[in-house]
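*Asks:* Same order as they appear, the protein sequences are chains A and B.
Last residue of the first sequence? That's 356 in our numbering, and every number before it is there in order.
Last residue of the second sequence? That's 85 in our numbering, and every number before it is there in order.
To be clear, the hints were calculated from the coordinates, so they are not data collected in a lab.
Ideal Cβ positions, reconstructed from N, Cα and C, are used throughout, including at glycine.
Some hints could be false.
Sample of chain B residues at the chain A side, in silico, Cβ under 10 Å [to be verified]:
#1 Leu-26
#2 Val-31
#3 Val-48
#4 Leu-60
Covered stretches of chain A, going by a simulated chain B footprint (3 or more residues, C-beta under 8 Å) [to be verified]:
#5 17 to 29
#6 212 to 221
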Amino acid sequence: MSSIPRDQWYVAAYGREIGHDLFSRTICGESILFWRTRAGEVTAMSDRCVHRRFPLSQAPSRLVEDQVVCGYHGFTYGADGVCVAVPGQTRVPRTARLKRYPVVEQDSFVWVWIGDPAKADAARIPRAPWLVSPDYTTVSGMEPLRARFGLLVDNLLDLSHETYLHGGYIGTPEVAATPITTEVDEEAGIVYVSRHMDDAECPPFYAKSTGLTGRIMRWQDIEYTPPCLYKLHSRIAPLGVLPNPDGSDPDAFHVEVVYAITPETEHSTHDFWAVARDFALDDQGVSDFLAEQNRTVVLQDVAALDVLERVIATEPPGYQELSINIDTGGLAARRLLARMAGQATAPSGTAVPAPRS
Amino acid sequence: MRTLRVVWVPGGDLLRGICHCGAEHVAEGPAEIWEWLLGHPDGHDAAPPPVLVAAPSGAGAAP
Chain A
0 MSSIPRDQWY VAAYGREIGH DLFSRTICGE SILFWRTRAG EVTAMSDRCV HRRFPLSQAP
60 SRLVEDQVVC GYHGFTYGAD GVCVAVPGQT RVPRTARLKR YPVVEQDSFV WVWIGDPAKA
120 DAARIPRAPW LVSPDYTTVS GMEPLRARFG LLVDNLLDLS HETYLHGGYI GTPEVAATPI
180 TTEVDEEAGI VYVSRHMDDA ECPPFYAKST GLTGRIMRWQ DIEYTPPCLY KLHSRIAPLG
240 VLPNPDGSDP DAFHVEVVYA ITPETEHSTH DFWAVARDFA LDDQGVSDFL AEQNRTVVLQ
300 DVAALDVLER VIATEPPGYQ ELSINIDTGG LAARRLLARM AGQATAPSGT AVPAPRS
Chain B
23 MRTLRVVWVP GGDLLRGICH CGAEHVAEGP AEIWEWLLGH PDGHDAAPPP VLVAAPSGAG
83 AAP
């Protein structure tokens, strides 16, 4: 049984990746063809010609105005996926149409619906408004992960690994040492994990970008909306500086770290990452530094999770994981994902009974 | 909002689960605490249980 939830929205690309050229990406095992029409709309359809499956993104397939022409036999499709021409005959078979995917461009991402199109509701797409806000400056990227998406969920829900895997970048001793609070909103299907470090070493990632030196307050508030969107609300402040009673927080630095966790296949993942900050908005040096640092951190995760995938893929069945307090949020996320995927048991073998009301 | 909450009891390694019904339960690990939370309403007494104190270290402690 697949561990990938269907009838869900997934990030397929950044909007900037899709222009008036053929663009293909595999999402949840489905090869999808994208392009931006002359009107500026992103369109998404199957990347397989209905005739003999030739990939429509593969040269010599080509885009002619708003029609894609298959490079194998010339089947031609409009932006709605309907075939408008076939070679050698005037009659186009009625069933000659490509599978179309509901698509929404929002918060710099291109979201695609995987599942029954009749169930697609754009209002359900979780938001990440900082990524396009004029009050924030954002750097972003995407790294391919040769590991199942659940391993990245585990990774991001338990940030204690920063201390060990990302020392010298974002990891300090206090991350692993500070207790967490976990909440699950059962109705909205959101997992929250909070770790508030009120006296912590300032890691290079924040020291060089904010200019703060010495000890800091560092708050990490995770908000994960399964299956795809993960947000880390990071607050950095001098010791003792708290938000005002009205919620304003002018003396702190805020970084919104956003990940879109999109399965490519059962054993590979698109790891989209973005870092949005509310300070040094016009400082290109800070942008370059944070982009380089965060990409390095992501690649450290990728290296570790790629190894873990190979370990899991080749181990004998029945391995029993051990979970401790730091895994409270990760286990909650696993349960929600298993429920979405129609599974009764989480991948680790941990029993996850359905909640009773 | 139906929220399940797990807090790390200060000063120790125990976890406290707080159900949306108001019941609370303390356990030693996340698997046990989630099993209890998701088992609602079984074993969910709305009255908070007494705070557990971590057992003294050292083998052979008297009961």
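*Asks:* Each of the hints needs a verdict: does it hold here or not?
*Replies:* Here's how the hints hold up against the structure:
1. Leu-26: holds (5 Å)
2. Val-31: Given a least distance of 8 Å, the restraint on Val-31/B holds.
3. Val-48: Interface hint status for Val-48/B: violated (12 Å vs cutoff 10 Å).
4. Leu-60: At about 5 Å, which falls below the 10 Å cut-off, the nearest Cβ of chain A leaves the hint on Leu-60/B intact, so it holds.
5. 17 to 29: Answer violated; 0 residues pass the 8 Å Cβ test.
6. 212 to 221: violated (count 0)
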